[in-house]
Structures are given as C-alpha cells and as structure tokens.
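Those protein sequence lines, which keep their order, are chains A and B. In case it helps, the numbering used here puts the first sequence at residues 69 to 181. In case it helps, the numbering used here puts the second sequence at residues 15 to 125.
Derived from the structure by calculation, the hints contain no laboratory data. Watch out, some of these pointers could steer you wrong.
[To be verified] Taking CB as the label site, the calculated pair distances span:
#1 S23/B to N138/A: 38 to 44 Å
#2 H141/A to H53/B: 41 to 47 Å
#3 S94/B to S130/A: 45 to 51 Å
A virtual CB, placed ideally from N, CA and C, is assigned to each residue, including glycine.
Here is how the chains run, residue by residue.
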Amino acid sequence: ETGVTQTPRHLVMGMTNKKSLKCEQHLGHNAMYWYKQSAKKPLELMFVYSLEERVENNSVPSRFSPECPNSSHLFLHLHTLQPEDSALYLCASSQADRDYEQYFGPGTRLTVT
Amino acid sequence: AQSVTQLDSHVSVSEGTPVLLRCNYSSSYSPSLFWYVQHPNKGLQLLLKYTSAATLVKGINGFEAEFKKSETSFHLTKPSAHMSDAAEYFCVVQNFNKFYFGSGTKLNVKP
Numbered sequence: 069e070t071g072v073t074q075t076p077r078h079l080v081m082g083m084t085n086k087k088s089l090k091c092e093q094h095l096g097h098n099a100m101y102w103y104k105q106s107a108k109k110p111l112e113l114m115f116v117y118s119l120e121e122r123v124e125n126n127s128v129p130s131r132f133s134p135e136c137p138n139s140s141h142l143f144l145h146l147h148t149l150q151p152e153d154s155a156l157y158l159c160a161s162s163q164a165d166r167d168y169e170q171y172f173g174p175g176t177r178l179t180v181t
Numbered sequence: 015a016q017s018v019t020q021l022d023s024h025v026s027v028s029e030g031t032p033v034l035l036r037c038n039y040s041s042s043y044s045p046s047l048f049w050y051v052q053h054p055n056k057g058l059q060l061l062l063k064y065t066s067a068a069t070l071v072k073g074i075n076g077f078e079a080e081f082k083k084s085e086t087s088f089h090l091t092k093p094s095a096h097m098s099d100a101a102e103y104f105c106v107v108q109n110f111n112k113f114y115f116g117s118g119t120k121l122n123v124k125p
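Make a model of the complete structure from these sequences and hints.
And the structure:
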C-alpha cells in the first residue's frame with residue numbers, strides 16, 4: 069500500500085446531496101492532485117495544489133470544489149453532481165520539482181444516482 | 015507543449031512471451047518520463063522513471079523502458095509475461111508540477 073490514503077473508498081450519492089472526498093499523504097510531499105478516471109477516457113487532471121498555490125483545469129465544473137488546508141490533506145467537495153460525474157477519483161502527491169514521480173491513493177469510486 | 019501517445023489501446027500476449035507497450039511523447043524540453051501500472055479497482059503504481067540519466071531504465075517486476083530521443087519514444091518491455099502483469103499501463107510525461115498521461119494500454123495475458 070502507498071503513503072497516500074483516500075476516504076471513502078466507495079460513495080453513492082444523489083444529485084442533490086453534498087459530500088466530500090478526503091485524501092491524506094504521509095510522504096512529506098508539497099504538491100497534491102485530484103484526478104478523474106472515467107471508463108474509456110484518459111486520466112483527467114482536475115486540480116493541483118503545489119507549494120500552496122492552486123492550479124486548476126478550467127474545464128472542471130464548479131460543482132467540484134477543492135480544499136487544501138495544509139500540505140498533507142486534500143479535500144474535494146461535491147454538490148449537485150450529475151450522473152456523468154460517476155467515476156474513480158484519484159488523489160496523488162509528489163515533490164513539486166522535476167524528476168519526482170507521483171504517488172497515488174487507491175481512489176474513491178463515486179456513483180451519482 | 016507536452017503530450018503522450020500510447021499507440022495501442024489493447025495488447026494481448028501469451029504467458030511467457032515478450033511484452034512491448036509503445037509510447038511516444040512530445041515535449042519542448044528534455045522530459046522526465048514515467049510508466050505506471052493500474053490493476054483493477056486499484057490506484058496507480060510507479061513501474062519506472064526516466065530522468066535524463068541512463069537511457070535504459072529498469073523498473074519493478076522485470077519491466078524496463080528505453081528512452082530514444084531521436085524517435086521521441088519510451089517503450090515499455092518485459093522479456094517474459096506473467097499472468098499477474100494483466101493490468102492497464104500508463105505512460106506519463108512531466109512538466110514541473112503537471113503530469114500528462116497517455117490514454118492507457120490494457121495488457122491481457124493468456125495462459
């Protein structure tokens with residue numbers, strides 16, 4: 069198992085619900101990432117927090133809201149999601165520098181009903 | 015600009031035969047390149063990385079990859095496939111704090 073944990077591992081929510089995904093890294097890294105992995109689509113970078121600066125993919129809908137209170141914790145707040153948001157959400161961390169690989173958590177399998 | 019193309023979406027081999035997963039990249043500078051593996055319902059695990067040292071990189075589980083600048087390629091190989099190698103493999107190019115993923119290659123290993 070890696071040094072990146074994600075909770076919950078599985079989540080089923082209705083379109084009117086509000087929920088949050090949590091990610092924690094124990095590796096001393098200074099960058100954290102959210103990815104969306106849908107069936108038959110490339111891995112999609114949603115958000116990056118690097119050296120306390122947020123970088124985001126402008127195509128991510130506002131119903132996804134990230135929060136990074138410190139370098140070890142990352143949240144993804146979800147509200148009024150759509151069925152097409154059902155996917156595996158992966159968190160990763162790394163050192164924000166060249167040549168440093170990412171370490172991934174096991175993911176949260178999200179189903180929106 | 016950085017991008018990654020994985021030339022095969024599916025590869026099928028028999029157990030004990032060689033594996034070749036192809037990756038071409040585009041980068042405006044000397045890149046850092048990675049291969050990751052993802053088993054079903056699991057996160058991604060690093061197989062190996064190239065960071066401008068030796069062009070032939072050895073990774074875990076007997077995998078290796080060769081960086082060829084002239085061909086802008088970073089193909090992943092293994093001499094002899096094992097059933098446990100069945101998974102999806104991703105080629106990745108890095109630009110500081112951004113990582114660009116290929117679309118993935120699913121490897122099927124037949125007994």
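Outcome of the hint check:
no., hint, in the structure
1, S23/B to N138/A: 38 to 44 Å, "holds, 39 Å"
2, H141/A to H53/B: 41 to 47 Å, "violated, 26 Å"
3, S94/B to S130/A: 45 to 51 Å, "holds, 49 Å"
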